[in-house]
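Trainee: Using this note's numbering, the letters of the sequence shown map in sequence onto residues 1 to 318.
Calculated directly from the structure, the hints in this document are not laboratory data.
All of these numbers come straight from a predicted model, not from anything done at the bench.
Below, a list of computed lysine-lysine pairs in the DSS-like style, where the Cα atoms sit at most 25 Å apart:
| id | residue 1 | residue 2 |
| --- | --- | --- |
| 1 | 266 | 23 |
| 2 | 186 | 200 |
| 3 | 219 | 202 |
| 4 | 170 | 219 |
| 5 | 186 | 149 |
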Amino acid sequence: MKIAVDVMGGDHAPHEIILGAIKKAKQTDSELILVGDESTIQKELERYVVRLNNISIVHSNEVVEMQESATVALRKKKDSSIVVANQLVKEGKADAVVSCGNTGAQMAAAIFILGRLKDIDRPPIIASVPTINGEDSFLIDVGANVDCKPKQLLQFALLGQVYSSLIKGKSDPTIALLNNGEEEGKGNNQLIETYELFKKQKDLNFIGNIEGRNIFNGKSNVIVCDGFIGNVLLKTIEEMAIMMTDLFKQENNKLPEFLERLDYTKVGGAPLLGIDGISIVGHGSSKREAVFNAIGIAEDCIKKEVVKIQNLALDNSI
Numbered sequence: 001m002k003i004a005v006d007v008m009g010g011d012h013a014p015h016e017i018i019l020g021a022i023k024k025a026k027q028t029d030s031e032l033i034l035v036g037d038e039s040t041i042q043k044e045l046e047r048y049v050v051r052l053n054n055i056s057i058v059h060s061n062e063v064v065e066m067q068e069s070a071t072v073a074l075r076k077k078k079d080s081s082i083v084v085a086n087q088l089v090k091e092g093k094a095d096a097v098v099s100c101g102n103t104g105a106q107m108a109a110a111i112f113i114l115g116r117l118k119d120i121d122r123p124p125i126i127a128s129v130p131t132i133n134g135e136d137s138f139l140i141d142v143g144a145n146v147d148c149k150p151k152q153l154l155q156f157a158l159l160g161q162v163y164s165s166l167i168k169g170k171s172d173p174t175i176a177l178l179n180n181g182e183e184e185g186k187g188n189n190q191l192i193e194t195y196e197l198f199k200k201q202k203d204l205n206f207i208g209n210i211e212g213r214n215i216f217n218g219k220s221n222v223i224v225c226d227g228f229i230g231n232v233l234l235k236t237i238e239e240m241a242i243m244m245t246d247l248f249k250q251e252n253n254k255l256p257e258f259l260e261r262l263d264y265t266k267v268g269g270a271p272l273l274g275i276d277g278i279s280i281v282g283h284g285s286s287k288r289e290a291v292f293n294a295i296g297i298a299e300d301c302i303k304k305e306v307v308k309i310q311n312l313a314l315d316n317s318i
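Using the sequences plus the hints, can you model the full thing?
Mentor: This is the structure:
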């Protein structure tokens, strides 16, 4: 397996991204292709006396900054690390790309360079959410698309169903629609229409609406929402975990295992589904541990043939 890592993207790039890649390279047979300024990467590797056969460098001259407009940056910065990393996947020189940089730029690069799968209008990002029963659920979309039509939410549900089945080994994962009440007919016009669409989809194991208070109880394997709600929810969960962790530390109490599982660094990254390639979106604040785990998610997606299985499932569903 070959994984392209955008080492120039993120709040702590390139130092922490490279350290995360080094840690992973020591524990995997996968080849890690570090994409970015070659002299900067080489200095970091020499600093830690790293001579690993499964680390290589591909030079890029430019960086898409976190605050830049994604589409403008991609148009003007053709040699940016995120563009070059995606090109490696497109050309078959890498099997996946991992980036903790500008999320909009990563999504745009994936769409314009790798392309969307057939019948997918808007690729969504899927993230794992811990539950009290010890098994993670998945939340989709967590930030790729802020405005969604019911048809697009159905596409998210189908992609989430395939991903949950592959990663968790679920033969028929349950699907729920995030809403402000469990009863049919709840929500705005978009959600009411989406509910009816989900009900009519015969190959979707739709169990109805789910409220925010039931997200952590494992009631549903996949929870569907638009990217605006999903992103707000995910960031609230992350900040809640940080706050509660600090409170426990102040009281010198042992951190509950559930809180540890809320830590985004333990997850690492979130796959962008519906793309003709494997693209892992890392947290912008990622440090070495999160990068290490994000690369691990890329490996899982490659092993499970996520793109191939998504295509097969979509052919039979849409």
